[in-house]
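One letter stands for each residue in the lines below.
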Amino acid sequence: MRSKIKALAGMLSVAMMVTGCSSAASSSSASSSSSAATGSSSATVASSSESASEEGTSSFRAEKEMTLTVFTTESSNQPIKDMAVAQQEILEKTNVKIEFEIGNDDKRSLLLATNNIPDIMRIPTADLTEYGPTGIFLNVSDYMAQGKMPNLQKFYDEIPNLKKREVDGVLWGCPQIARDEAANGFGPILRVGLLEKNNIETPQTFDELLEAMQKLKEIYPDSKPWTGRKGTSQMLKTISYMLGSGYGNNGLYYDYDLEKYVFGPATQEFKAVLEYLNKAYTTGVLDPDYATTTGDTLSAQMSSGQSFMFIDNSGFGQNYTPNLKKTDPEGKLQIIPIPENSFGQRRAVLYETVLPGDFFAVNAKVDDPDTVMAFMDWLYSQEGSDITNYGKEGLSFEYDENGEPHFIQDYVMQFKDAQPTCYYAVYSELGITKLNFSLWAANTKTTFEIEKLTGIWSDLTDEYWSIVESDDAYVTPIIDPALTAEENERVKDLTANLTTMLEQEYDKYIMGLEPIENYDNVIAKAIEMGAEEIAEIYNTANAR
Amino acid sequence: MSKKKPVDNAGIGARIFDGCNILFMLLLAFIMLYPMYNILVVSISSAEYIYRGEVNFIPKGINFDAYKMVFENESIWVSFKNSVVYTVVGTAINVVCSAMCAYPLSRKDFYGRGFFTFFVALTMFISGGMIPSYLVVNQLRLINTIWAIVLPGAISTYNMIIMRTFFQNIPSSLTESAYLDGANDIQILFKVILPLSMPIIATMTLFYAVGHWNSYFQAMIYLNSKSKFPLQVLLREIIVAGNMAEESADLSANMQIIAINFKYAVIIITIVPILVVYPFLQKYFTKGVMIGAIKG
Numbered sequence: 001m002r003s004k005i006k007a008l009a010g011m012l013s014v015a016m017m018v019t020g021c022s023s024a025a026s027s028s029s030a031s032s033s034s035s036a037a038t039g040s041s042s043a044t045v046a047s048s049s050e051s052a053s054e055e056g057t058s059s060f061r062a063e064k065e066m067t068l069t070v071f072t073t074e075s076s077n078q079p080i081k082d083m084a085v086a087q088q089e090i091l092e093k094t095n096v097k098i099e100f101e102i103g104n105d106d107k108r109s110l111l112l113a114t115n116n117i118p119d120i121m122r123i124p125t126a127d128l129t130e131y132g133p134t135g136i137f138l139n140v141s142d143y144m145a146q147g148k149m150p151n152l153q154k155f156y157d158e159i160p161n162l163k164k165r166e167v168d169g170v171l172w173g174c175p176q177i178a179r180d181e182a183a184n185g186f187g188p189i190l191r192v193g194l195l196e197k198n199n200i201e202t203p204q205t206f207d208e209l210l211e212a213m214q215k216l217k218e219i220y221p222d223s224k225p226w227t228g229r230k231g232t233s234q235m236l237k238t239i240s241y242m243l244g245s246g247y248g249n250n251g252l253y254y255d256y257d258l259e260k261y262v263f264g265p266a267t268q269e270f271k272a273v274l275e276y277l278n279k280a281y282t283t284g285v286l287d288p289d290y291a292t293t294t295g296d297t298l299s300a301q302m303s304s305g306q307s308f309m310f311i312d313n314s315g316f317g318q319n320y321t322p323n324l325k326k327t328d329p330e331g332k333l334q335i336i337p338i339p340e341n342s343f344g345q346r347r348a349v350l351y352e353t354v355l356p357g358d359f360f361a362v363n364a365k366v367d368d369p370d371t372v373m374a375f376m377d378w379l380y381s382q383e384g385s386d387i388t389n390y391g392k393e394g395l396s397f398e399y400d401e402n403g404e405p406h407f408i409q410d411y412v413m414q415f416k417d418a419q420p421t422c423y424y425a426v427y428s429e430l431g432i433t434k435l436n437f438s439l440w441a442a443n444t445k446t447t448f449e450i451e452k453l454t455g456i457w458s459d460l461t462d463e464y465w466s467i468v469e470s471d472d473a474y475v476t477p478i479i480d481p482a483l484t485a486e487e488n489e490r491v492k493d494l495t496a497n498l499t500t501m502l503e504q505e506y507d508k509y510i511m512g513l514e515p516i517e518n519y520d521n522v523i524a525k526a527i528e529m530g531a532e533e534i535a536e537i538y539n540t541a542n543a544r
Numbered sequence: 001m002s003k004k005k006p007v008d009n010a011g012i013g014a015r016i017f018d019g020c021n022i023l024f025m026l027l028l029a030f031i032m033l034y035p036m037y038n039i040l041v042v043s044i045s046s047a048e049y050i051y052r053g054e055v056n057f058i059p060k061g062i063n064f065d066a067y068k069m070v071f072e073n074e075s076i077w078v079s080f081k082n083s084v085v086y087t088v089v090g091t092a093i094n095v096v097c098s099a100m101c102a103y104p105l106s107r108k109d110f111y112g113r114g115f116f117t118f119f120v121a122l123t124m125f126i127s128g129g130m131i132p133s134y135l136v137v138n139q140l141r142l143i144n145t146i147w148a149i150v151l152p153g154a155i156s157t158y159n160m161i162i163m164r165t166f167f168q169n170i171p172s173s174l175t176e177s178a179y180l181d182g183a184n185d186i187q188i189l190f191k192v193i194l195p196l197s198m199p200i201i202a203t204m205t206l207f208y209a210v211g212h213w214n215s216y217f218q219a220m221i222y223l224n225s226k227s228k229f230p231l232q233v234l235l236r237e238i239i240v241a242g243n244m245a246e247e248s249a250d251l252s253a254n255m256q257i258i259a260i261n262f263k264y265a266v267i268i269i270t271i272v273p274i275l276v277v278y279p280f281l282q283k284y285f286t287k288g289v290m291i292g293a294i295k296g
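Sequence lines, in order, name chains A and B.
Residue 303 in my numbering sits at position 303 of the first sequence, and the numbers go up by one each step.
Residue 243 in my numbering sits at position 243 of the second sequence, and the numbers go up by one each step.
A hint or two may mislead.
Using 30 Å as the maximum straight-line C-alpha spacing, the simulated DSBU-like pairs for lysine-lysine come out as follows [claimed, not checked]: (1) B:K226 to A:K392; (2) A:K107 to B:K228; (3) B:K228 to A:K392; (4) A:K97 to A:K271; (5) A:K97 to B:K226; (6) A:K107 to A:K365; (7) A:K154 to A:K332; (8) A:K445 to B:K226.
No wet-lab data here; the hints were simulated from the structure.
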């Protein structure tokens, strides 16, 4: 009997041991976790400026080979490969070996929350300002102040917006800085060919735009001339500013004419937006399902020729054109200059292009921080940026007489028919550009170059960029100021309530269930709920 | 004896009722099957028809380019292999551990049975949560190994309790007679109890295997190297991709430029293997019934 019990208990305990069946971890393990940081192999200091050693060319070289793990997210458009061409080149030039740790947003939060971060971490601004002050990252401002990061310092002096990424005057990560990025923004994309065919002139004002769409609706009664991609709020976000008000993400936007933050839906000007949408809705111009559109709706309706217009990221037009041509060989989607709104303004905002928003923060517990920071700074140099955006000299790119890098056509042509696109295949193979580990990172610059080399670049694309660049309605965006913790908390609370209240209202006015005069009540209610306080908080923060 | 035809004495009302039932069930079956059918159809249609929203029931412009793309993609093969390994190893550990835990708890003569049952059942209601679990796995140095996937969830308490209940229903006279023949507990478990428990083993294998095959979260959290990712993590990336970088001049990055038919082909590749496991396990569901095991 005794042995029987023993055997049974043994079986159970084995099972329990193997599985850790009991309720997982206790709090003690949480506190002691920090000791288990990811190891990086040793490296001795190499001075950043003077070590033009026998390998010669590089302005930075670690004395001993050093491995750095880099956490990054991955786009399936551009898979990240281990030791791709650029990483091999980095190793050869600087003696630094890059190892990628691939994860996503959830994993990043987990690593940050448990303080198990690798040597270098790709994080968005929000995480940088939240976790930076806890001291888990190296203080980049210190290194700049000590003159150890001359290349970054140069950018820092040039880009005043970078100060807005600081928390109490400290920059906690190395910002990704865009290299010669082309800028576009929200804009109206129309079936211009169809307008010509029906002798409709290119609209100069938003009213004319509506009239033009009405005419098309009469000619093609089954169509849904104007569609969108993410329901009501995206629609408001994309068109409000052009129509004389603004919506931002949740109502708050920066008005470049007034030069201050305004809570759009709580202003009289916002009525013009709702009125315009209402008119479009009642005349049948606006897709009756506008409130529930998705990205698939937009691509299906634009490429099948069922819709004639959208106002959103104007770059999309070129993606739909090839499919559209299959139904209508003369089909052509093109941007028009921003029309004039009912207040007589022509206005639109470009996307932020200098600071894409991601940072590479360095673990405060990294071995030999001086060398790591010198390496990070090297990535901002011309040499570092050329390698991380063009690959290996002689293989994938060569310098012209002005010292500017250019892709080698033969190399690029190998990927001409690759999926999903030629340029993503090149990026993935070389391990380069914005979505890989690059600090001074190209995106459109290299894309355009590759498309021109492979002949994918079309006249339509040229025309598109020339229209956007020559349109003086666009302004370059400012970056939202950093808020203090209390301000942030307050804004979050107010915004949550306001959004809940307001989102129930918009559709009533767009669909005409409520007359527009009644919107005054909504404005009053929004102000009562703190709409102006939010704007005030931002304006104060911006003035700091 | 002449076979009697079943008398058709059902009233008109009953027939209508049956008819409605059948219609309702067919509708239900359609609702369940259509999404999968649609995915299959879209995956073999050509992109232009898909974009125009014209592919619903019948594939248009049939081609297998999407599958070609999938099969040419190395990382899908690597992940496929990983998924198979994790599923096989994981399920083996699951079933063995669950049985070893369930059997003692099923025995009425096991000392402290109530106590252990209570603590095991407790984990169903109170769990460590993600962060403590991560810290434990991290401190055990399991991160980025197969063990981080197969060990933390080696016993599903719920499944273990099902197994225990099944074992309890095996008459104790069987074990007693085995004792008389000189068998010890381990022998009894593996030579008497388990052979009699094929239905529950098959069920558990299926539960666990499907769970392993479909799980992505643990893999996503605990694995770092791409070469170790299972298929589901890759699938998730492919499906969720395109939602990023919406606001930039990067024209096609804004879009889901991964073609829908490619995505759907990956989905098909992902669900088919686990789907074909079912028929193979089905035969065990009816086996192992204890016919004539006890007499008198």
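(request) Could you check the structure against the hints above and give me the numbers of any it violates, in ascending order? (result) Violated hints: 4, 7; rest satisfied.
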